[in-house]
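Chemist: Fit chain to chain and form the complex, with the hints in mind.
Here is how the chains run, residue by residue.
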Amino acid sequence: MKSRTSELTVGIFVIIFGVALFFLAMKVSGLSGTNLRDAYDMTAQFDNVNGLKPRAKVTMSGVTIGRVTDITLDPVSRLATVHFELDGKLTSFNKEQLQTVKSNALEELRYSTEYTEAAPAQQKEMEKQLVDNMDSITSIDEDAYIMVATNGLLGEKYLKVVPGGGLNYVKRGESIANTQGTMDLEDLISKFITGGAGKSSEKTADAKTSDESADAEASFVE
Amino acid sequence: MNAIALLGRRVIERVRGIGVATVMLLQILFSMPTKLGISLFIYQMHRIGVMSLLIIGVSGLFIGLVLGLQGYSILVNVGSEAMLGTMVSLTLLRELAPVVAALLFAGRAGSALTAEIGLMKATEQLSSMEMIGVDPLKRIVSPRLWAGIVSLPMLTVIFAAIGILGGKMVGVDFLGVDEGSYWSGMQSSVQFGHDVVNGIIKSIVFALICTWIAVYQGYACEPTSEGIATSTTRTVVYSSLCVLGFDFVLTAVMFGGVQ
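From first to last, the protein sequence lines stand for chains V and Z. Heads up: the first sequence is residues 1 to 222, going by our numbering. Heads up: the second sequence is residues 1001 to 1259, going by our numbering.
Bound conformation, chain Z alone (with noise of 0.2 Å):
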């Protein structure tokens, strides 16, 4: 009997839970923006965006670098290893691109969030602002959830570049693709309208599914260290089933009818 009121219990938390961090998001949506807000948009640009540059960078080189090794020894078993332009760019700009950038980005920026803003409140530096009479979701969350939005697909575009040329660097200099055919293959299958575009609509929703999950647990965590730390964990693991679940979902609906 216990058991099952606790079931309830928790299907109602997480019910109303997610009505809470809906009504947050809108109310972050669909406010003005100020001139102090645009300068803490900027600095959270700076700590999210920014700094998250060099590790979307590398990861993008490495999986460029492996695409066209893989590609390459594939390809070459049935001697049309002239497309393997046409594979790497395809694979990064539909998919590996945004997820696995949207991966990295839950776990390097989102986590950071969490454990911020849920530190904050539990050293009640959020109530103290609603005491002055700061509003915490438009000083705190509103320019975190803004820069997260603008900035993943900023990086899932950099990615996609710098993995490009990674399959470029592995293919064409150290296997001895034609660079010619590397391109023009790339270029004669690579629509920007259908594959770039809808890479990066794919990743404006996971950039929002991210940074969402990410400051909602951190403003709604239990305000003790066990809490914060049950926080943040849950922040990426949550991003990541939801940019698992929300790809297949998005690729089903971009890619999957009939061209």
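Chain V with its partners taken away, still in its complex shape (with noise of 0.2 Å):
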């Protein structure tokens, strides 16, 4: 009878301890598992990642639509890379969506020089091509930008995919070329202080035109 007892309460403080543990590992440390659903990797090269680290959330429009997976250094350009992965369910269009965005491309492609020069079956190659490229798209344009962004003034930082207003669209497991790292404060503090203001709108323009070659360079491709 003693036995039976002990080994009662021994059961019931086993079953105590596994609740507590599974508490700590869900609610404590958040650990569900991806709850991402049709989840698939991207990328994106940032020049200062300060304060971001894997597990954060990335946003659009404040809804969150994946978790930063792991960040490393790329050794030639020296940016830091950040693999992130994405619910496939929220950034893809649906069926009717798709149409739609296919058939706007397909306007798009009709109306540019480069069609309307070319000879009759290689725009059937170029229309052919277009559509197969559509199949695997993400509903992030290629002018959307990403940003390291803080969740109050003292929170987490996190990811945060700022749409843009373009046709084109990023494929699943390419990168998102428009990027913008952690805002330094003390950055911006010392530039106002030593009047380098003047000198930080300069390489902000010149980063304004890198960009636009690189779009220009994509569209090229394209």
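In case anyone wonders, no lab produced these hints; they're calculated from the structure. No experiment lies behind these values; they were computed from the predicted model shown.
No farther apart than 20 Å at their CA atoms in a straight line, the calculated lysine to aspartate or glutamate pairs in the DMTMM-like style are these: (1) 27(V) <-> 1179(Z); (2) 57(V) <-> 1179(Z); (3) 27(V) <-> 1178(Z); (4) 157(V) <-> 186(V); (5) 53(V) <-> 41(V); (6) 27(V) <-> 1173(Z).
Modeler: Structural data, given as structure tokens:
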């Protein structure tokens, strides 16, 4: 009898332990696995990801659409490469929307000079290529940019995708080209104090032109 | 001259004691479990683990409450009371739960182990066991040691969970910190592999130290009533000092480096 009750109480003890461990794992460390449906990986390169950690959220218009999986340093460009996975259900079009997007893109193609100057056979080829390219697109357009944002003034860092207005869309597994790293408050202050404000605006202008050239390059490839 | 001889004898005694304790520990750790041993182990789990549950739970709750209260009153000054969840959970998981649970365990279970084994020795139960061919190490010491090693980490996890809920009670329910920011701040800063697992590893080490000291002090105590009293005191003092000392070393190894 004595051993029966002690077995019972030890059993209860183990169950309480299990519940506590489950609580620590799920509720405290948020280890609920990936609840992303139809997940796929993307990358982006930043000049500064200070404060960003793996498992930080990725949002678009305030909706969480993914998580950061890994942060590495590219030895050639010396930029931080952030790998993140996105929810496929939230970031792709449904069939009807895809149809509209395709027809919009075809229309755009038909007005381009390249298309009008090409031979009919080539035109067919281009249309086919375009439609094939659209199979694995996401709802993030190529003009969209991704930035390291802060939750509140002192909160944790996360990635924010800001949609652009482009008609070309990024495909799954590609990288988002337009990025903006962590805003360093100290840098801004030191620029302000040393009167480097003019320089910084020059710099952003440079960045803009380089972005534009990147865009131009991208459209040239297509 | 006499004093020097006494000092030397004491040092030799202590070093010999460490040797005996190590041999005893290795004998127990590397011996095959038997069927009888397992049922004895279950019974000791009941006495050591389950019976400590109440004190661990109540202390965990109060420590969580105090952390919530203090954390709030400090953080609200800098306007970042949303960090309360992060503060409470990291403090508990990394430091307070393993250390406080181990100290309570040394006082609650360790002293009882020493007194029990010491009294068995004083009433010559251990010697009579040897006489009838039962190894007292296997029959008495081994189940108690294993029960201590297994139950303290479990108690630590329960302690941390109750403490975090206690912090939530004060912070969110009484003082009005936003519940969403309490949990999400916690989830974004606590890493299971880093914080929770390292806390459990710490408590496994503490469990080994506490129960090892307790059973050795009982096994090696002088078979008089005064001897049992001295051994019980030593158990609590040595266990507490070792836990605090090892805590520093383990923290330096686990959390001291650059993340």
